[in-house]
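For the sequence shown, position 234 matches number 234 in the UniProt record's numbering, and the numbering has no gaps at all.
Just so you know, these hints were derived from the structure itself, not from any lab.
Treat the hints loosely; a few may be bogus.
[As the list claims (entries may be wrong)] List of simulated lysine-lysine pairs, DSSO-like, C-alpha gap at most 27 Å:
{"#": "1", "residue 1": "319", "residue 2": "261"}
{"#": "2", "residue 1": "12", "residue 2": "85"}
{"#": "3", "residue 1": "293", "residue 2": "319"}
{"#": "4", "residue 1": "163", "residue 2": "263"}
{"#": "5", "residue 1": "338", "residue 2": "263"}
All figures in this text were calculated on a predicted structure; none of them were measured in a lab.
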Amino acid sequence: MNTTTVGVDLAKNVFVACVADGAGRVIETREFNRAGFLAWLSTLPRGTLVGMEACGGAHCWGRTMQALGLEPRLMAAEFVRPYRKRQAVKNDRADAVAIVAALLAPGMRFIPVKTEAQQHRLAWHSLRLGWIEERTALLNRIRGLLAEFGMVVEIGAMRLRRKLAEHEFDTAQPAPIRHLIQGVRDQLDALDLRIAECDRQIAAQQADDAAARRARELPGVGMLTADAVVASVGDATMFHNGRQFAAWLGLTPSQYSSGGKPKLGRITRRGDDYLRTLLVQGARSVLAAALRKARNTPEALTRLQQWIVTLNGRVGYHKTLVAIANKHARQLWAVLAKGEGYNPEAWRQWHDSVEQPAS
């Protein structure tokens with residue numbers, strides 16, 4: 001069988017493969033269990049293109065296919081969706097056919113297969129984020145329960161923790177309340193230890209990483225952001241420029257343009273939510289530092305801080321945060337793709353070359 005292209009709709013235990021010939025015509029559609037799918041992959045000719053949506057487990061299957069001599073191609077689900085013939089009809093077979101059509105579409109953008117080492121690094125970030133969310137949920141839950149007994153605590157995690165410490169051994173409180181608070185504090189301590197262990201692992205895994213070290217030189221980019229970006233991106237040269245990298249992170253405005261009249265909307269918020277959140281949080285600290293310096297020593301503002309302060313006065317706090325995060329994303333791309341350290345005075349070289357008179 002002259003198989004050149006395969007589209008696979010992945011799941012945990014059910015896999016649907018759509019096989020197409022060299023002209024893109026569908027030859028057959030087959031359904032497998034997990035073991036059967038792996039055995040079938042080993043029968044495909046080397047060099048066969050295998051398209052998949054970038055979902056859970058896709059990178060692991062991509063590495064398996066590479067080991068078998070196949071060429072996996074991962075695509076974002078939003079790029080595959082328009083190729084489903086009937087949007088109102090969704091099933092595994094229709095999705096597999098749509099994946100084949102998207103795989104053969106001109107100009108399709110693919111997601112590189114992550115290495116096992118990259119996923120090991122990102123696993124600690126995922127665990128850390130999950131435990132932070134669990135800790136926040138626990139604090140919110142106990143705050144609501146205390147309010148039912150007349151103990152209203154001001155907003156803030158530290159205030160709530162202090163209140164819990166005060167009432168844990170307060171004999172004025174009923175014994176059931178003290179027992180409840182003790183259980184919550186024990187759980188909070190356990191979560192703090194788990195989060196601290198994640199921080200130690202993240203710090204250790206980037207200790208000898210030159211790319212992460214260069215990324216940390218940027219303002220607003222700390223240990224978490226540097227490690228997450230390096231582990232998620234891998235090879236930054238797959239992006240043509242910094243704007244494409246920022247667009248991949250969902251930090252560029254959506255467009256509704258027609259007839260040569262550009263109309264820009266909110267940022268697309270596509271791509272990795274975690275990376276985008278880290279960049280925005282880093283931008284928050286940079287903006288706060290610039291505003292503080294503008295109040296105290298405005299003459300000491302750097303060129304970047306002058307731009308931040310001016311932009312904040314013109315478009316407001318939240319839009320300025322996004323603009324700073326976008327700039328940080330572009331700077332990160334330059335640092336990672338070009339292998340250079342961060343130079344805050346690099347703009348002077350361009351400025352001097354522009355003002356240099358022609359000989």
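Okay, the hints, checked on the actual structure:
1. 319 x 261: Holds. Residue 319 to residue 261 sits at ~22 Å (cutoff 27 Å).
2. 12 x 85: 25 Å, holds
3. 293 x 319: 20 Å, holds
4. 163 x 263: 50 Å, violated
5. 338 x 263: 33 Å, violated
The structure is inconsistent with the numbered hints 4, 5, although it conforms to all the rest.
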